[in-house]
Amino acid sequence: MKFRFSSLLVGLVLAVVQLALAQTSALRLPRTIEAGSKFSIQSSGSGKGILYIVGPGQVLRRNIQLGETTFFAPGDLPNAGHYLAVLVKESSTDTGAFDITAASQPATLSFLAKPSRLPVDLHDGISGVVYIFDTFHNLVLQPTQVSFQLSGVAGAGQIQTVTSHDGIAWTKMNSGAKEGAAQFIARTGNVSGIRMIQQVPGDPCSLRINARLSSQPSSGQRLKLETDPVRDCSGNAVPDGTIVTFTESYNGGESTVDVPVKQGVARTEMPAYNGARISVATGVVMGNEIRWGKE
Amino acid sequence: MITGRLLAVGIAVTTVALIAIGTLWPAPSAIAMAGSGANLLHPSSTPQAAVENLAHEIGQQAWETAYSSLANKNEFSQDDFKRDLTGSYSSLRTYAALNNFDLRPLHATADEAQIQLKLHWSTVVGMFVDTRELHVVRTGDRWEVAWPIVKEPRVPPQVIAVNYLRWDVIYRGPEDDWGTQDVEAPHVRIVDMHPVERSDGVILLGELLNEDVVPAFVSVKATLLAKNGAVIASEGSFDKICHTLLPKQVTPFLIAFHNIELSQVDSVHMEPSSSLIAASADPVIEIEDQKLNPAPGASLTGKLVNQSGQVVNVAHVLGTFYDNAGQLLWVSDQYVDRALLPETPVSFAISIPPDIARKVSTERAVATTYSSDRFQ
Chain A
1 MKFRFSSLLV GLVLAVVQLA LAQTSALRLP RTIEAGSKFS IQSSGSGKGI LYIVGPGQVL
61 RRNIQLGETT FFAPGDLPNA GHYLAVLVKE SSTDTGAFDI TAASQPATLS FLAKPSRLPV
121 DLHDGISGVV YIFDTFHNLV LQPTQVSFQL SGVAGAGQIQ TVTSHDGIAW TKMNSGAKEG
181 AAQFIARTGN VSGIRMIQQV PGDPCSLRIN ARLSSQPSSG QRLKLETDPV RDCSGNAVPD
241 GTIVTFTESY NGGESTVDVP VKQGVARTEM PAYNGARISV ATGVVMGNEI RWGKE
Chain B
296 MITGRLLAVG IAVTTVALIA IGTLWPAPSA IAMAGSGANL LHPSSTPQAA VENLAHEIGQ
356 QAWETAYSSL ANKNEFSQDD FKRDLTGSYS SLRTYAALNN FDLRPLHATA DEAQIQLKLH
416 WSTVVGMFVD TRELHVVRTG DRWEVAWPIV KEPRVPPQVI AVNYLRWDVI YRGPEDDWGT
476 QDVEAPHVRI VDMHPVERSD GVILLGELLN EDVVPAFVSV KATLLAKNGA VIASEGSFDK
536 ICHTLLPKQV TPFLIAFHNI ELSQVDSVHM EPSSSLIAAS ADPVIEIEDQ KLNPAPGASL
596 TGKLVNQSGQ VVNVAHVLGT FYDNAGQLLW VSDQYVDRAL LPETPVSFAI SIPPDIARKV
656 STERAVATTY SSDRFQ
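From first to last, the protein sequence lines are chains A and B. Residues in the first sequence are numbered from 1 upward in steps of one, following the numbering used here. Residues in the second sequence are numbered from 296 upward in steps of one, following the numbering used here.
Hint data in this document are derived by calculation from the structure and do not stem from the laboratory. C-beta atoms are modelled at their ideal positions from N, C-alpha and C, and glycine is treated no differently. Among the hints, a few may not be true.
On the chain A side, residues computed to face chain B include the following (Cβ under 8 Å) [unchecked claim]:
{"#": "1", "residue": "29"}
{"#": "2", "residue": "33"}
{"#": "3", "residue": "34"}
{"#": "4", "residue": "37"}
{"#": "5", "residue": "117"}
{"#": "6", "residue": "260"}
{"#": "7", "residue": "271"}
A partial selection of chain B residues facing chain A, derived with a Cβ cut-off under 7 Å [to be verified]:
{"#": "8", "residue": "356"}
{"#": "9", "residue": "455"}
{"#": "10", "residue": "457"}
{"#": "11", "residue": "459"}
{"#": "12", "residue": "504"}
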């Protein structure tokens, strides 16, 4: 058993050595070629043969005259990877291998920016990942300088330059203090990708309400309740549609209403009870409490 | 062999006998469901028989027959009578079927009687009960029911300007590059979660906050894990949650695991999920006159007031109950069977288990709405 395994191993080694010898004897191959570029393969001997180039997702076949140079046009081999060249002659076969590498010049970037929407003033809240590709969508594995720039709606933007590793560059950035759409740009050479990051207000700060009697003649007295302009801790107005909950407690009873903020303010009407306590909240943030009339 | 034949004959005879009994003396609920139940009605020679007959006719939606049997039909039209029971606007009542009914005599003399009629209606979201106190009067040798008509208010023709926000969403297209940004799913967070053990199993109670600035369609799934990490059961909140959450809105949720004991559970894996949806901030529903009513029959009652101009066909009220330390005790809900018309209060009553009701200190109610002419 052991003997059989050893024999197999020796056979394989011999086959590889023979392959190397064949490459040097019959085919002169370049060691590496840039993807999409033109190249040539020199063969030796005389007579006719068929040259096969086998690589990732592609096979080329050429009828060649042995001893001559076979030329390949730009774009014939666009995919990066390890390729095998097989020369089939009348009585024997020669084999060789070479690599196609991505072009060193980046042509496109795939830019993933997350999240597309986040609250203001968040440390390391934005992540940007760039995949660098050449013209033929091969990942450019050479270390490449990539600059990330976040331009907020106000103030100086943030810039970070990082070096790609195995075709990927990434960074993290803070969201700005002002709400609005920020441009997140990744750039290498003259290639860039742009993503929009919506910076939205954070949780409301110091939510306050005031109350007055409604002037509308209706059944029973009603209170007009209105918040001060609702803003977050950085002074940004919370977006319209944010739900504000008004709660009125009176004589063992309670009324609540969920009202969306409209034009920066939440307004509603509730019954006017003497001694009623009215409070306001939004999300997990409580506002002030007021007492109407006297108990 | 002979025993087997005897058994077969016995089963056949019993089946025939039961069919005959069911046909000759059907149950009231069976009559209510039967299309030809009118043939099975008793003469209205007693107050109970008159009310039973009326209930049967309501169950068969024989509005003309039911209306013609009433003692006070001069007070309202047949359409009013039908609208009282099925609703003027599309609502749960419109698509409900009478499942069964109960009678309870309250008072009787030789010429009149008071009878409480409970109509149990079944709908796609469960049962609701319509309770009416009926005055029954004797007319010759017959008894007739004076129907306590409840006229739904009509909204006068008017224009109500509504300018609340509406959110529409455009998603990434199939032709976009894989690295292209898509719209971000809303960020939601469970702000409270509390398991309780009940006689029928384990209940998970909690509250979910939409902490984003866009509307979210939310649901919560929970998985109970044993000490060895094995999954005991997995359940979702189904309709015990407000599925549409506007920015900064909080919804309670309840997830029931039947026939499981809390002692079996080592940990709970919660999976809140959210997706961005088109939604509208309208209609705004005020919940007024909320009152906690103690046991027996503990409940949270109140009135829903539609502050917008749009008719709400179905409203769902969820009550969250807390103890005096602010700890979540219970979540309960009720669907309102009538449509919510603009500025027209509609009552609701959410029942609370008696043992929970004793501990309740505060509560919070939220309403979610469904309108046939809107997507929300």
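Okay, the hints, checked on the actual structure:
| no. | hint | in the structure |
| --- | --- | --- |
| 1 | 29 | violated (35 Å) |
| 2 | 33 | violated (27 Å) |
| 3 | 34 | violated (24 Å) |
| 4 | 37 | violated (26 Å) |
| 5 | 117 | holds (5 Å) |
| 6 | 260 | holds (4 Å) |
| 7 | 271 | holds (6 Å) |
| 8 | 356 | violated (36 Å) |
| 9 | 455 | violated (14 Å) |
| 10 | 457 | violated (11 Å) |
| 11 | 459 | holds (6 Å) |
| 12 | 504 | holds (6 Å) |
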